[in-house]
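Asker: Dock chain B with the ligands against chain A, hints included.
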Amino acid sequence: MTATVSVTVNGTKYDESDVEPRLLLSDFLRETLGLTGTHVGCEHGVCGACTVLVNGDSVRSCLMLAVQANGAEITTVEGLGTPDVLNELQAQFREHHGLQCGFCTPGMLITGEDLLRKYPLATDDEIREGLSGNLCRCTGYQNIVAAIRSAAAMRAEKTS
Amino acid sequence: MSNDMRAQPSDVVRPRNVGASIKRTEDLRLLTGRGEYSADRKPDRPLHIAFLRSGQPHALIARIDTAVAQASPGVVAVFTAESISGDFKPVIPFSRMANYYATPIMPLASGKVRYVGEAVAAVIATSRYLAEDALELIEVDYEPLGALSRAELAVADDAALLHEEAGTNVLIAREFRKGDVAGDLEAAVVRVGGRFEMTRKAPLAMEPRSYTAEYEKRRDAITLYTSSNIPGIVRDAISESLGLPGHRLRVVAPDVGGSFGSKGSLYPEELLICIAARKLGRSLKWTADRLEDVSSSSQAFAEIVEAEMGFDANGVATSLQADVIGDVGAYSIYPWTCGLEPVQVVSFLPGPYKIGSYRGSVRGVATCKPPTGPYRGVGRPMSTFVAERLMDLGAKALGLDPLEVRRRNLVRPEDFPYRIASGIIWDKTGFLECLDAAAEAANYEQLRIQQADARNHGRLLGIGIASYAELTGIGSRIAVAPGMPINTGSETAKITIDSTGAITAAFGVASHGQGLETTLAQIVADDLGARFEDVRVIQGDSDEVPMSTGTYASRSAVLGGGAAKHASRILQEKIKRVSSHLLEANQDDIEVSEGKAVVLGTDRAVTFKQIAKAVYSDMKTLPVEAREELTATYTYDPINGTTAAATHIAAVEIDPATCFVRILKYVVAEDCGRIINPMIVDGQVHGGVAQGIGAALFEELVYDDDGQLLSASLVDYVIPSAPEVPVVDVVHIESESAVAGGFRGMGEGGTIGAPAAIANAIADALSPLDIEVSILPMTPERIFKLMEQARLKSRGKADE
Ligand code: FES
Ligand code: FES
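Protein chains in written order, with the working numbering: chain A, 315 to 474; chain B, 782 to 1581.
A hint or two may mislead.
[Stated by the list, open to error] Computed, partial: chain A to chain B, Cβ under 7 Å:
1) P397
2) V399
3) F417
4) P434
5) C452
Because the hints were derived from the structure by calculation, they are not lab data. Yeah, the Cβ is synthetic: ideal placement off N, Cα and C, and Gly gets one too.
Chain A with its partners taken away, still in its complex shape (with noise of 0.2 Å):
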């Protein structure tokens, strides 16, 4: 028995038909739709770093299934920003050098939006709280949370 997932990812629409119900939506994800920057690092939904927005809630897609995505608008890290234009909070990873191997990164990334959309994080200990569901271990966090504490504070900038 297989089903039909209907998809919007980064704004693109797909009609997956042959789908098992099994099928992770991780694995829908990267092996399916070829997006592959979203990373699985344990797939017991403690590491984080398969994190995607599905209707603008952040979600680890290692432990949601791709039939129960059907209808939804994701977003993955292939969605925020390109090598030529970085978005917001990409370009400050990059500059307080947030990221080293980069395997948590997309999932740190798609996290910090959601923080910083839903939060005013005026701390950094708000900030680490926050990421506390999202393992790294390159960074030793400080520059994770360096680069948060900036893109919260340019948009705090831009809305006031």
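Answerer: Positioned in the frame of chain A, the structure of chain B with the ligands alone reads:
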């Protein structure tokens, strides 16, 4: 092969890029989802592998029945040791060390299994889901042989043997001696000692191990994309094992999601995927899931050290002795051997201190666990933990401040080069300078006042110091792992300007987060006279240079950087020769910078593009003999290597109710020589310290007496997340080393200093309760138990 003797007298005339926090080239692709990790490769209709892994710690394989699995939907083949026995030669992790037994590396368990998680059979199917489905259909009959779960038990005379052919479970034994330790300890005014342990740890890179083997029919060739930091070593080993020459086997480490050592050895799965690709004539993919990765990638530490140190009345350490037992797991790894981690503990134990006499002995013992292998810091997190605990115990017994006892014992500027008992030589490095700088940055005296005040209020606040030295950028005089026959002492750079004027710099080193595409380009830009953004660095590809090993042992800035400098200089000379024709000027009057050759003091210039056109494309501009191909290759060998050093200072507070340790302050003062990119150096220190915090407070692979791993998920194996890691202050002491460029290696240091500094801080915090710290990690549970025991003891005393 050549060495420093031929270096130019002034290596960098006017550095523009080296020393600057240039933003990384890698970032643009990694930030936009355009990176390509091994699992992201998309070969044409690949097959997928799933491994059946042993649930038994130690058992004979009596029978494997794969018939039902073979017939399962989507399954193309099922391999066992028997069905591939004619397709490879076992890989032997050879070493010239005496008292060492090299266990052969096989792609699948043959005859018996030796740890839970060892691969027994491989299912190859059209999708990963279908391959995993078929695993359950394979039947294996085991005859259990009894688990060897603890190294101390495995050394007993009547213990079962894991490798019968070895005749013992002690796979490696070694001893270093200098002076009369027994006599000096006898004469010591103060003797301190103890039994110290660091439990088993997972390096835990965020990207699980992953391999894609792409088969090319036309050439009967394989390209292995591997999440490895040693693609060159992997190429050579698989080539030998499969009898496949290098021009039909290319090994590429594309973007790699961290390693920390766990991707720094040859793995059975790398052999198997190449064997399968060749047998089936198909491309294949495999990515470990987290459980597989934790339970089959090389692990760290797992050592117990009984150590003693003697001091004279002036607080000078006169003598040190240690007996180390390392639980090395079931196999010796390739190429480093099972001696790598435990032998380094005794090699480095005296650390940056001038200690009169020394005896260090080590045994590496086989048990039913995954092999231990390289992990960030290799041996030195343990040796530093022991030496720094002993220094603090000594200070306490002598009534000295921990800072003072170190000041009295560190190797002083006038003592360099200083040779320690194991033969390692420290070249001139800022040992004392790091200690002083860390104390100043931490505001040490103020911290002590704060601590006294906190204690008066019953709070448990502690301050810990750790100083260490490491050998980095090791040249050919010392093998990176003891007695190992492969060449780890040199690296090659090949720099080319092609007919379009584009500059490509190829290296054998392999970045997995360190940003080598940026730092090596900084060096090339300066020494060649190019613009940074015009230099493209290729690394991690065995086809690009004739021989390479990879990135490990903090070597790439020193060896890759040294090769880059020399090759750049040679190419720059060629550019000058060609442009002297084009500009009709004397070669000595030409300066190369910013991608142009300029006649000094004039505006006459030619660009690299014009030079390339003249050399390659125009038949008339240059005389034939002046059309030199614009390429230079240089293999650099620093011969000895160079020392890097640091002092870490941590201030912690323990919550007496929850027993959680909070890090209030963390300072690192480090000497990594001339800094290529300060932003990247700081990032390496931050990340290294975070891993050291994990080792000190959280991370432990718990194996029960049946050899079963109890902490295989990221819920049970806890690594630090953002709220647990403090802000780290980094201070740089930039004393230039003697190698090309003045660089020193620095990728590992953070992880070496942090466990010791935090252990000392915890011991200091708990000293009012008379508690010592001798095992890591100090989890809340361990701290709670120690506090309980201390309470009972003091109650007992009060009752007396
Ligand atoms: S891969 Fe989904 S949370 Fe780790
Ligand atoms: S940058 Fe490597 S895991 Fe975060």
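Asker: Which numbered conditions among the earlier hints are violated in the structure presented, ordered from lowest to highest?
Answerer: Numbers 2, 4 - these are the hints that the structure violates, sorted from lowest upward.
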